[in-house]
Each structure stands twice: as structure tokens, then as C-alpha cells.
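Protein sequences appear in the order of chains A and B.
What the first sequence shows, in numbering that gives the first Met the number 0, is residues 0 to 341, in sequence order.
What the second sequence shows, in numbering that gives the first Met the number 0, is residues 0 to 336, in sequence order.
Think of the hints as simulated: they come from the structure by calculation, not from any bench.
Using N, Cα and C, we set each Cβ at its ideal position, and we do this for glycine too.
Warning: the hint list may mix true and false statements.
[To be verified] Listed next, the in silico SDA-like pairs over lysine to any residue satisfying Cα-Cα at most 25 Å (straight line):
{"#": "1", "chain 1": "B", "residue 1": "K22", "chain 2": "A", "residue 2": "T131"}
{"#": "2", "chain 1": "A", "residue 1": "K198", "chain 2": "B", "residue 2": "Q23"}
{"#": "3", "chain 1": "B", "residue 1": "K22", "chain 2": "A", "residue 2": "T329"}
{"#": "4", "chain 1": "B", "residue 1": "K180", "chain 2": "A", "residue 2": "L53"}
{"#": "5", "chain 1": "B", "residue 1": "K180", "chain 2": "A", "residue 2": "A75"}
{"#": "6", "chain 1": "B", "residue 1": "K304", "chain 2": "A", "residue 2": "D331"}
{"#": "7", "chain 1": "A", "residue 1": "K198", "chain 2": "B", "residue 2": "D245"}
{"#": "8", "chain 1": "B", "residue 1": "K180", "chain 2": "A", "residue 2": "G52"}
{"#": "9", "chain 1": "A", "residue 1": "K198", "chain 2": "B", "residue 2": "A30"}
{"#": "10", "chain 1": "B", "residue 1": "K22", "chain 2": "A", "residue 2": "W190"}
{"#": "11", "chain 1": "B", "residue 1": "K22", "chain 2": "A", "residue 2": "P194"}
{"#": "12", "chain 1": "B", "residue 1": "K304", "chain 2": "A", "residue 2": "D323"}
{"#": "13", "chain 1": "B", "residue 1": "K304", "chain 2": "A", "residue 2": "D330"}
{"#": "14", "chain 1": "B", "residue 1": "K180", "chain 2": "A", "residue 2": "G58"}
{"#": "15", "chain 1": "B", "residue 1": "K180", "chain 2": "A", "residue 2": "R59"}
{"#": "16", "chain 1": "B", "residue 1": "K300", "chain 2": "B", "residue 2": "D290"}
{"#": "17", "chain 1": "B", "residue 1": "K22", "chain 2": "A", "residue 2": "P192"}
{"#": "18", "chain 1": "A", "residue 1": "K198", "chain 2": "A", "residue 2": "L53"}
{"#": "19", "chain 1": "B", "residue 1": "K300", "chain 2": "A", "residue 2": "S320"}
{"#": "20", "chain 1": "B", "residue 1": "K180", "chain 2": "A", "residue 2": "R61"}
{"#": "21", "chain 1": "B", "residue 1": "K22", "chain 2": "A", "residue 2": "G328"}
{"#": "22", "chain 1": "B", "residue 1": "K180", "chain 2": "A", "residue 2": "Q51"}
{"#": "23", "chain 1": "B", "residue 1": "K304", "chain 2": "A", "residue 2": "P314"}
{"#": "24", "chain 1": "B", "residue 1": "K180", "chain 2": "A", "residue 2": "F57"}
{"#": "25", "chain 1": "B", "residue 1": "K300", "chain 2": "A", "residue 2": "D323"}
{"#": "26", "chain 1": "B", "residue 1": "K180", "chain 2": "A", "residue 2": "L54"}
[Said to hold, decoys possible] Some chain B residues judged to face chain A by a derived CB distance under 8 Å, without partners named:
{"#": "27", "residue": "F26"}
{"#": "28", "residue": "H100"}
{"#": "29", "residue": "A150"}
Single-letter residue listing:
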Amino acid sequence: MAQKESQQAVERELTMSRAMVEAIGHEMREDDEVFYMGEDVADYGGIFDSTQGLLEEFGRDRIMDVPISETAYIGAAVGAAQQGMRPIAELMFVDFFGVCMDQIYNQMAKNTYMSGGSVSVPMVLTAAVGGTYNDAAQHSQTLYGTFAHLPGMKVVVPSTAYDAKGLMHNAIRDDDPVVYMFHKRLMGIGWMPAPDGPKTPVPDESYTIPFGSADVKREGDDVTVVTLGLHVHRALEAAETLAEDGIDAEVIDLRTLVPLDTETVLESVEKTGRLVVVDEDYRSYGVTGEIIARVAEDGLADLEAVERVAVPDVPLPYARSMEDEVIPGTDDIEAAIRSVRS
Amino acid sequence: MFEDMVTARYYEERLQEEYLEGKQPAFDISAGPIPGELHLAAGQEAAAAGVCQHLRDSDTVTAPHRPHHVAIAKGVDLNRMTAEIFGRRTGLSKGKGGHMHLFDPDVNFACSGIIAQGCPPAVGAGLAATKRGEDSVAVAFLGEGAISQGAFLESLNLAAVRELPVVFVVEDNDWAISMPKDRVSDVADGSRRADGFEMPGARVDYDDATAVYDAAKEAIGRARAGNGPSLLEVQVHRRMGHFMGDPESYRPDEDREAAQERDSIERLAADLRSEGVEDDDLEEIRERARDRVDEAIEWAKEQPKPDPEEAHEDVFVDPPSGVTTDEPTHEIAGGDD
Numbered sequence: 000m001a002q003k004e005s006q007q008a009v010e011r012e013l014t015m016s017r018a019m020v021e022a023i024g025h026e027m028r029e030d031d032e033v034f035y036m037g038e039d040v041a042d043y044g045g046i047f048d049s050t051q052g053l054l055e056e057f058g059r060d061r062i063m064d065v066p067i068s069e070t071a072y073i074g075a076a077v078g079a080a081q082q083g084m085r086p087i088a089e090l091m092f093v094d095f096f097g098v099c100m101d102q103i104y105n106q107m108a109k110n111t112y113m114s115g116g117s118v119s120v121p122m123v124l125t126a127a128v129g130g131t132y133n134d135a136a137q138h139s140q141t142l143y144g145t146f147a148h149l150p151g152m153k154v155v156v157p158s159t160a161y162d163a164k165g166l167m168h169n170a171i172r173d174d175d176p177v178v179y180m181f182h183k184r185l186m187g188i189g190w191m192p193a194p195d196g197p198k199t200p201v202p203d204e205s206y207t208i209p210f211g212s213a214d215v216k217r218e219g220d221d222v223t224v225v226t227l228g229l230h231v232h233r234a235l236e237a238a239e240t241l242a243e244d245g246i247d248a249e250v251i252d253l254r255t256l257v258p259l260d261t262e263t264v265l266e267s268v269e270k271t272g273r274l275v276v277v278d279e280d281y282r283s284y285g286v287t288g289e290i291i292a293r294v295a296e297d298g299l300a301d302l303e304a305v306e307r308v309a310v311p312d313v314p315l316p317y318a319r320s321m322e323d324e325v326i327p328g329t330d331d332i333e334a335a336i337r338s339v340r341s
Numbered sequence: 000m001f002e003d004m005v006t007a008r009y010y011e012e013r014l015q016e017e018y019l020e021g022k023q024p025a026f027d028i029s030a031g032p033i034p035g036e037l038h039l040a041a042g043q044e045a046a047a048a049g050v051c052q053h054l055r056d057s058d059t060v061t062a063p064h065r066p067h068h069v070a071i072a073k074g075v076d077l078n079r080m081t082a083e084i085f086g087r088r089t090g091l092s093k094g095k096g097g098h099m100h101l102f103d104p105d106v107n108f109a110c111s112g113i114i115a116q117g118c119p120p121a122v123g124a125g126l127a128a129t130k131r132g133e134d135s136v137a138v139a140f141l142g143e144g145a146i147s148q149g150a151f152l153e154s155l156n157l158a159a160v161r162e163l164p165v166v167f168v169v170e171d172n173d174w175a176i177s178m179p180k181d182r183v184s185d186v187a188d189g190s191r192r193a194d195g196f197e198m199p200g201a202r203v204d205y206d207d208a209t210a211v212y213d214a215a216k217e218a219i220g221r222a223r224a225g226n227g228p229s230l231l232e233v234q235v236h237r238r239m240g241h242f243m244g245d246p247e248s249y250r251p252d253e254d255r256e257a258a259q260e261r262d263s264i265e266r267l268a269a270d271l272r273s274e275g276v277e278d279d280d281l282e283e284i285r286e287r288a289r290d291r292v293d294e295a296i297e298w299a300k301e302q303p304k305p306d307p308e309e310a311h312e313d314v315f316v317d318p319p320s321g322v323t324t325d326e327p328t329h330e331i332a333g334g335d336d
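Next comes chain A alone, as it looks inside the complex:
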């Protein structure tokens, strides 16, 4: 009977935001020390639906709207976490990190290290990332590389509802600071249509996805495509098109950047010999360079060809024609896969 119920539950599909919220709600019910702080997270339910419905159940003391003062409330989350609480603080757009970066990278990320491990900061910093809706350079970045580059933060980027829930459970339970970056286009928000991919079956019960475990979202023999976030779906779309031409691409979703599952990438490259890395961050000094460097360090002999697809080093432009030009599209991924195959 239990088996059957669980089977039914798994058939239930959720949007990524619902799945994320379900995990937060579950953890808040289990642990009174978990609370959520951010701008417009209470009555509004999060501009990107990251806290939809939580106010009704948990009230204003635990779903806390705060003044627009990121330095104060993200720093306060650090302080509460150091007291042993488990705050989740939301930075509405990751692009706003500039107004509060000291609290993030000099306090949240470093206090464990600087205290010689005597202080822990068990908090989650959530942030919306990504473009594709023409909001220009201050509201469209992903900045995966920035956070992953600075030591001391675990960095999580889900691409599906299933992953969003499992990774959120893990993030809240983790004793280290976790930056949980959700792509707006994947959330299933009323005013920003999502592609079909991120809406997946999600079990009712809680489950965790270990950090540092990449997911092979599509198996293939010819080319390894390593990506994350929105571009998992674009890569899968490219792979389906290429399959018609007899090119069999394997698509790996990194899911977490810190820790990074290098092993899964190396195993895949060993099989395919060809690597394409795709992300929505800037090309230089980012995720694409890091993945390629790791494969070069530990799997150079397997590597016959490599290419990266990323945002050229320009801020995100506003006009649609230019934004489409710089954010990698399915066609760009397709071209890169063909290119490493030739």
C-alpha cells in the first residue's frame, strides 16, 4: 500500500518553484530554527514564487519580509546561523550581490575557516539568476563563477523540480553556507513561461540529493555536454535534434558547482572523447574554463576535442536581438557539438 501511494506521489508533477517551496516548508515544520528572510517573500510570496504560500502556514516571524537592506539582513542571517539557527536569506536577484558582498564573501563564506573551524554558518542564500527576458545588465546575470570561485560557499544550481526539492532539503540541513541559485526561467512563474523540462514528477516525502553528484540527464556515446541550470534544457533539445543526424550526445547536469563532481565528467569524456561545456555565465574565468581545466588535468589523454559555449565577455544587453546573440541558444550548442565531432 505504501508502495502504491509513493508511486502515485511520484506521478505528481510540480513546477520548480513549488518543489523548492515544498522542501522549505517541510524543513520549517521539522525544525523551528529554520526561517526565511528576504524582500517581498511574505505577502508577495517571492517575486519568483520562491516562498509562495509559506506565509499562511508559518506567519511573519518565520517568513520575514525585510527592508531593502541586503547588507543588514544577509549579515543578520550570518549572525543567526552562527548562533545555531538555520536561516534562509533570499537575495532577490543575484545581480544585487554587489550591495552586500562583504557579508557574503568575507563573513558568510570565511568565518568557518577564519575561526579554525570553531564557528559554523549553516545558512542558505537563495538567489534568482538568469536572463532570457530582456531585463538588461543589472537583472539578468547568472554569476555562477563568481560564487563558485570564492572559497567557503557551496553552490547549488538545480535545473528540474525533482532536483530543486532534493537539493533544497540538503541545503537547509547542511552545516555550511550554501548558495542556492534558481533560474527564473525554470521556476514556472505565471508571467514568465518556462520550458516543459523543469516540471517533473516530485515525490511527496522528503529526500536529499547529495552535493557533488552530477546527473547524467541524457546518455550518449559521441560527445559529452556539461552544463547546468537553464542550459540543461537547451542542451537536451540540441541533443534530440542531433540524434536525428546520428550524433549521440551525453548531457551532464552539474547540479552543484561546489563541490564539483569531476568524476562523472571524466568518466563521460573517457567514453566520448569530446567535450562541450555550456553555461549562461561569462566566458572568461568561469565554469566553462574550470571544467575544461579539470578534464585537461586528469583526462587529457581521453580528450580529442573541446569547445565552450558561454556568454561572451559583455554585460547582458536589453534589446531582444542582442540578448539572443549573447545568451547561448540551442543552435549554438548544436553547432558546438557538431564542431567537436568534425
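Position chain B relative to chain A; hints supplied.
The following block gives chain B in isolation, referenced to the frame of chain A:
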């Protein structure tokens, strides 16, 4: 002042129409001729018009993410601003900035989509004027939701200790997206924040453009005369959602209705009529504003869209040697087999 206000109001009504094209029936923010977010300022015109009346082209204004009324009052090129909002090549920012990031150096206007972050650059403009011995001033506009930001408070302090010619104008529309003012600050009269920096603070209630004009005259006059910064808070109303598409489910109906009723433009029109201005004259101003706006929108829509490749330009003024701005080379790196 009246003309600036009716121009701004009509401009936003027209933008709203254009913005909604292609976004319905299921609202899709990335569809239609005007992409991205759109923050309209209907109900806030009095603050911009009353303050900017006292400014010259050489004076600097920084505006927040809700900038159109301020831009119009400051004299930003309406055609090119509109082309920018439509994402066209001849727009103020060549289609790269969009509605939250309008820059018109001809009239020293700039804005930022990040709350309160226009304050420090305004202080910088004031500093430059002081260093050069010029009498120009800088005005930073921000919303009451931004008054908790470090950038705002730090800017007040720096302007105060350096006695810089800066006026901080807080447009208090009672709402920081979904947060009512009483949950953002325990200080109802935001102008009192000036006390902590030993600078003059004033507050104007009731969407009263004339009172804004008078208060701004004093503050800007003081700055221009070399007597340092001041803070001016102006009560305005947000007639729309925070952004187009905002369902405003957090906002009580009474509040929304009150915002519709308290109309600064009607208030000023009534004041003008009581001073003997004829209805015909007011209508003539409205008509002139409508013509100008319609022309700007028509012109903007005829402008060319940028070529995708233009996205790669303007990262630097002149790319210095060694800076990589090239397209990916698509060169294949090989292993050792």
C-alpha cells in the same frame, strides 16, 4: 511644471498600451514590442516636475528604476529615450540599457536599476562641481523603500561632511514592491533622517507639486550657493503595480483606490484654475504633450533594431590591447593521441 507632469502621465499611458501588446492573454514578460520589466511612475509626477524645474542641463540627476517622469522633467531627449525603451539602435543606450538604464549625458541624466545606487554617483557629481568651482548641483531620486540602503545613508554622510551640492529626493509612494512603508521604517517622516547628518530635511505631503517646487527651490538654492546638501521627502502615490504584470495581491483595495483619487495633476490643474488659468490653456498644454508623446512613440517604432553583433560593442570605450572581445574562435583543442 504642469506640462512635464501631463507629458509624463500620457507617456506612460501610451507605453502601457504598447507594452501590453503581444503579452496577453497569458501575461508573458518577455513577449511584445517592449521587453523586460516596466516600472511606471503614474502618480509620482509632482516630485519630478517640482524639483527639476530648478535644474539646468549642467546639473546632474540620478534616477532609480522608475525613471520616466524624472527623465521627462529633466529634459531627456524623449525620442531617443522612447527608442531605447523599444530596444532600438538609435535609443539613448543603443538598445543596450532599456527602460531602467537611461543615460543622457547631454542633460546629465543617468539611472540605475539597483535601489539607492544612484546616490553615490550623485555625490560624485557634486564633488566634481565643488572641485572645479562650478555652481552646478546634483539631485539623487530614490524611493522610500531605498532609505534603508547603506548606499543612501553613506551618501548622506559623505555629502554632509564634504558640504557637497547634493539634494536627495525621496519619492514616498508608501510601497516598496509589496512592503508597506510602516514595515520598512519606524520613522514615518523620512526627512527626519537628515537630522542624523546635521543637514536640512523637509517633507511635502499630499502630492502637491507647488509645495514641492517651493521646497526644492530652497534646497537646490542652498546647494547651488555652496551651503551643502539637503534631504527632501515627497509624498506621492503609486497608481500602478510595482511593475507591469504585478498582480498587487498584497495591496488593500482601499489603498489602490486612494492612490487613484489623489491625483497630483488634477490638484495642480485646480490650483492653476483658481489662479485664473483658463481651461482652454490647460487643454492646449495637454494637447501639446500628447502630440509630442505620440510623435516620440511613432518615431521610436520606426527606428532600426540593433544587429545582434552590436551586443559585442561598448564594453570598453576603446578596447585596450590585450583585451579579448572577439567571438569565440571555435578552434578545436586536441589531446595527445
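Legend entry - Structure versus earlier hints, numbers of those that do not hold, lowest first: Of the numbered hints, all hold.
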